[in-house]
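Chains as they are written, first to last, in this note's numbering: chain A, 1 to 115; chain B, 1 to 115.
Check the hints yourself; a few may be wrong.
Same chains, same names: a pair is fine if it fits in one copy or spans any two.
[Said to hold, decoys possible] Cut-off 30 Å, straight-line C-alpha distance, at most; resulting in silico cross-link-like pairs (DSBU-like, lysine-lysine):
hint	residue 1	residue 2
1	Lys-84	Lys-57
2	Lys-16	Lys-84
3	Lys-16	Lys-57
4	Lys-50	Lys-16
5	Lys-57	Lys-68
6	Lys-35	Lys-16
7	Lys-76	Lys-21
8	Lys-21	Lys-50
Hints are computed from structural coordinates only; laboratory data are not their basis.
Number of protein chains: 2
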Amino acid sequence: MRMDPKQRCAVIETLKVFSAKWKPCILSYLFTESKRYGELQRLIPNISRKMLTQHLKELCADGLIERKPFPTIPPKVEYVISEKGKSLQPVFRVLNTWGVNNLDNVCSTEEMIAT
Amino acid sequence: MRMDPKQRCAVIETLKVFSAKWKPCILSYLFTESKRYGELQRLIPNISRKMLTQHLKELCADGLIERKPFPTIPPKVEYVISEKGKSLQPVFRVLNTWGVNNLDNVCSTEEMIAT
DNA sequence: CTGCATCCCGAGGGATACTG
DNA sequence: CAGTATCCCTCGGGATGCAG
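Full structure from sequences and hints, please.
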């Protein structure tokens, strides 16, 4: 197993798609169910609006989520996980399992489903 | 599947361990066989000595690789993958597979074994 | 409510010169 | 050969204010 840093390596490009600071968190919420912009803001208290907007845009651009605007007043926007996004869930499970088995003081996302 | 950003989430902590700029590349070389400092430098032409040193240190601290210095003249240091490090290989394969199936213009690390 | 624009700061990371 | 030390700069990302 080798990687040529000059090529677009699948592992590295995959990491780029979802490993930004808040993206795993956003995705994990959307795995469960669609959320509105404001809901995500409340669920992730430390994220700034700028970063939330930016990450949502990038996730849309990469086809992992979809944006569903409703032309109501006041406006309402729902973010929904896409099929491509769903395909990341098993990847997250693998990462979660590795962390639980190899790191200290980490909290499994699987456990959090139960609670 | 939910993540509380206030906890040490397994997925996020796992990403922190190996998703720094050059770490996947370094690890992928060490998966194959042990390498000396200078070899890695030649294999990864764009990395600076500072970053190579820093990332190797962090990978050691996280127990993914081991440093084997030989008190010869001139000095010689080998970096070897650890058992914990090896356990990341299946994780890399999952990331690689997802990238190959879902991204354009990426190059599989698996293919590169064959070449 | 859902964003965009702007300003600003600190960390990540590159280049280079020096050392045991 | 295998680093360390220093300088510097870009960019991720936070805070705040404005707009549709």
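Okay, the hints, checked on the actual structure:
{"no.": "1", "hint": "Lys-84 x Lys-57", "in the structure": "within (15 Å within a copy, 36 Å between copies)"}
{"no.": "2", "hint": "Lys-16 x Lys-84", "in the structure": "both (15 Å within a copy, 23 Å between copies)"}
{"no.": "3", "hint": "Lys-16 x Lys-57", "in the structure": "both (14 Å within a copy, 23 Å between copies)"}
{"no.": "4", "hint": "Lys-50 x Lys-16", "in the structure": "both (19 Å within a copy, 23 Å between copies)"}
{"no.": "5", "hint": "Lys-57 x Lys-68", "in the structure": "within (12 Å within a copy, 45 Å between copies)"}
{"no.": "6", "hint": "Lys-35 x Lys-16", "in the structure": "both (23 Å within a copy, 26 Å between copies)"}
{"no.": "7", "hint": "Lys-76 x Lys-21", "in the structure": "within (25 Å within a copy, 37 Å between copies)"}
{"no.": "8", "hint": "Lys-21 x Lys-50", "in the structure": "both (13 Å within a copy, 24 Å between copies)"}
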